[in-house]
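Number of protein chains: 2
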Amino acid sequence: MSKEMMSRRNALKLGALGVTGAMLSATSAMAAAPTEKEVKFDEEYDVIVIGTGFAGLAAAAKAAERGLKVLILEKMGRVGGNSVINGGAFAVPNNKDQAAFGIQDSSELFIKDALKAGLGINHVEMLEVIGKRAQETLDFTIKCGATYQLGKKPTWFGGHSVNRTIVTSNMSGSAIIQPMAAFVEKLPGCKLMTRTKFDDFVMSADGTSVVGVTARTNYRFDNKLLSDDVENKSGEKKVYKAKKGVILASGGFSMDKVYRQLQDPRIVPDQDATNHDGATAGALLKAFQIGAMPVHIDWIQQGPWASPDEKGFGVAPLLTQQGLFVKGVCVDVRNGKRFMNEMADRKTRADAQYVILHQDPKAFPVAIGTYNTFDEQIYAAVEKGLASGVMKKFDTLDALAANYKIPADALKATIKKYNEDAKNGVEDEFKKQSLKDVVGKEAIEMKGPFYAIRTVPKPHHTMGGLKINTKAQVISGNTNKPIPGLYAAGEVTGGTHGASRLGSCAIADCLVFGMVAGESI
Amino acid sequence: MSKEMMSRRNALKLGALGVTGAMLSATSAMAAAPTEKEVKFDEEYDVIVIGTGFAGLAAAAKAAERGLKVLILEKMGRVGGNSVINGGAFAVPNNKDQAAFGIQDSSELFIKDALKAGLGINHVEMLEVIGKRAQETLDFTIKCGATYQLGKKPTWFGGHSVNRTIVTSNMSGSAIIQPMAAFVEKLPGCKLMTRTKFDDFVMSADGTSVVGVTARTNYRFDNKLLSDDVENKSGEKKVYKAKKGVILASGGFSMDKVYRQLQDPRIVPDQDATNHDGATAGALLKAFQIGAMPVHIDWIQQGPWASPDEKGFGVAPLLTQQGLFVKGVCVDVRNGKRFMNEMADRKTRADAQYVILHQDPKAFPVAIGTYNTFDEQIYAAVEKGLASGVMKKFDTLDALAANYKIPADALKATIKKYNEDAKNGVEDEFKKQSLKDVVGKEAIEMKGPFYAIRTVPKPHHTMGGLKINTKAQVISGNTNKPIPGLYAAGEVTGGTHGASRLGSCAIADCLVFGMVAGESI
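Which chain is which? The protein sequence lines are A and B, in order. With the first letter of the first sequence counted as 1, position 67 gets the number 67 in the working numbering; the numbers rise by one all the way through. With the first letter of the second sequence counted as 1, position 50 gets the number 50 in the working numbering; the numbers rise by one all the way through.
Take the hints with a grain of salt, since some may be wrong.
Just so you know, same-sequence chains aren't split out, so a pair can sit in one copy or run between any two.
What the hints assert, rightly or not - Restricting the straight-line Cα-Cα distance to at most 25 Å, the calculated cross-link-like pairs of lysine-lysine (BS3-like) are:
#: 1; residue 1: Lys96; residue 2: Lys405
#: 2; residue 1: Lys152; residue 2: Lys384
#: 3; residue 1: Lys416; residue 2: Lys237
#: 4; residue 1: Lys116; residue 2: Lys347
#: 5; residue 1: Lys116; residue 2: Lys431
#: 6; residue 1: Lys393; residue 2: Lys471
#: 7; residue 1: Lys112; residue 2: Lys347
#: 8; residue 1: Lys393; residue 2: Lys191
Because the hints were derived from the structure by calculation, they are not lab data. Computed from a predicted structure; not experimentally measured.
So that you can see chain A by itself, here it is in the shape it has in the complex (with noise of 0.2 Å):
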């Protein structure tokens, strides 16, 4: 990527991310995909996989489980992807525990709020599909060995008319995707190989269908490198036939430093993510290659409760949401102003924090509070938030502000300022909701002492990716009809969220299409 390109407004330090001189060597990468005349298979299989996440597995355990043999690939080291660290956390329209509570719902209620999320641009009839069978597919990943917390009543998530969301045993995706990652690999047939790399597709003699990927095992993921896509030539070339075709589960792309820039070029490339490293879209522009559409790529949802000071989602999230952003007040370091209402929707949030970072790239909003601002059942994430540093705990406010190097008058007056506003039950400036029912009579107390974090909006999910039909079928912008012997399913497919996915339908998305996948190939 030439300099002038990455020059954006913010600082960038090219140097420092790993652009050598082994990204120039990228001439075979940009031919066309091979056809199958031009390569010679190492190994046939009836289906091949891209990657180990919610969608991959579901896919895989479904088509295996249909007696067909099947290749997995995955890049990283590990197993999982983005869904192996994700929360756990499954919205099912109309389940089995929302009846036994007597919760009243329906799939038109699930994509009503979908909508209203997505801001009307949703594919509606993905969403029917998730509405229709996601119970069936929490009970598939069940026969997988998945566990979750069944029997209570189903948890509610910000934006869901109901509770409708299943969480999982251990509150994390791994309790899905460690027993169906054994799952796969028990089953006759069916191969997973970790440090596996994509490449591409090979197609047909005409060029018309999907027949196989080339591919490199032994690959290293480099993390270092700008665009681990383009630049990293590790690992031993290998072609992989698929008799009945290749199903793209390859996930998001929240950790591409260039991609992610051209749709937002607030997201410099040094700054952090809430995904895996691996989370980058070379696999998607693939597809694109050989006709796949783009839809919404530019939606890339960002968690404004993150902190620079630790790496991926940690601890912050928590400590923000069910803490200093509900009681407490988030500053402009430069000024010791508020800036935001600490509970307004994940973009406002965001688009105010890259405000000050435009004009600042270092000046990372600092979200401030006392013992009482935080909720009684996250106390051990406190110790943990303070043990790790990405938490700092100050017995004055002239301390705190002395830190983080903001002027301390301006910081109690604003303290101040809000204390009052709450205690009068007075809509404050940025209309924090409800200020008075959300904050209380107190919000801050003034003796102390104090908690910090530094916050920077983190991507989280990208909305946008392929165009996939209700049968996981990848569609053709050459004819507008699949493309034969390509299927996607997950975060690499575009348009079931909209503009924004309500939380806790990430799970939804990957497992019911990766189902749908599986079955369809």
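Using the hints, position chain B against chain A.
Chain B only, in chain A's frame:
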């Protein structure tokens, strides 16, 4: 396209839109772009330009002026695409007329304005080029014969901090397009072919560079097809060599019934746009297939001021924006109530209209006013609207209500309340900005006659497209570097305007980067 894929919450008439057996015979269309080994060139040029709008003609003029042999391809029967039906307003930051009239402007101020409208996701390096080179580009087009209203105070357009827009002599893009088309056709070695459809790129033997195009002469665009790009088989195949490269200036896709609806399912196939019929995505999608990177694809600017009762841009936008929307009201025909601030931004209003059209695709909201609602300058347009039938005149509100099947009592109550708010200077429920200032003491005369227009959002400009750098080189996702031999300019590119383009910046973008492409190639 499968029926299921196109099944949206709005009614579709696939049969009426010409989905026939013809679209099934697309085998060859699915193959990858051919290499030079697979084709025989019919003719040879230095440069091939795709499209004859602002970007294409500026590119061709600049390249031909440099002594290059240029072939310009236009699929339609006439030259100029959307540009020739455009309003002729050209934002020129820091221009000579601003200086003459003492208007302080700068590239920085222009960028600030564009970033605000674009929600901060604009590619700033592109705006910098426009800011720096717009005046020079204006001068270049004048040299080519374009005529403007110069020596006057530049015009103000919404969202611009200062008056910076130069308007053509006839307030139409035709005052640029027609002389420039004549200019390039007179240059030695320059050839312009209409009814010649770009089909695909021809790649170098190693697949890395663009070395030509395949095309069809005697092409007859068919606006009755759901997808002309996929289904239309007319014309005779030709292969043209481009020794220095191809400049893609094929425009946006506001009239692509399939691809625009993938981005925004609310835009049904039979919905008109302000664009000419040929504004489809085919050439853009072909560029994605040789590695161009999709950017900001789903941001489609839609005009809430248009009418379903006339084709294209029409006269309604003038009558609503300088009349009915300002002092009058827009009501939901089902209940006679207002449902939006008639002066809100384009997206907010289009979203509000879509809520109604989602519930009932034929319930086009009706804008209503009396003669006093129109600015005096547009009295001629009032007569034109009445003559064409896009606007109707009624002696009484009862007659108006009966015509549109609006509950008459509810409509009268709505207008009574609106007038009272205006008279009392009270901000209304939709917070119509400064109601008393905008609307005046007497909003709608209750004695009539009354004027009414049915409204619908019409797609106007597609922000998204492929990524180019500041030299108009198309960037490949396989290398993060330019694709040798491929340049692009204008609405087919994405990033420059971010989420929303400011008025009068389309001409600036297209002409500046068209010129840059003609220089760079």
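Results of checking the hints against the structure:
1. Lys96 - Lys405: Neither: 53 Å inside a copy, 45 Å across copies.
2. Lys152 - Lys384: neither (28 Å within a copy, 66 Å between copies)
3. Lys416 - Lys237: neither (64 Å within a copy, 76 Å between copies)
4. Lys116 - Lys347: both (14 Å within a copy, 15 Å between copies)
5. Lys116 - Lys431: Close inside one copy (21 Å) and across copies (22 Å); limit 25 Å.
6. Lys393 - Lys471: Close neither inside one copy (53 Å) nor across copies (51 Å); limit 25 Å.
7. Lys112 - Lys347: both (20 Å within a copy, 20 Å between copies)
8. Lys393 - Lys191: Close neither inside one copy (50 Å) nor across copies (73 Å); limit 25 Å.
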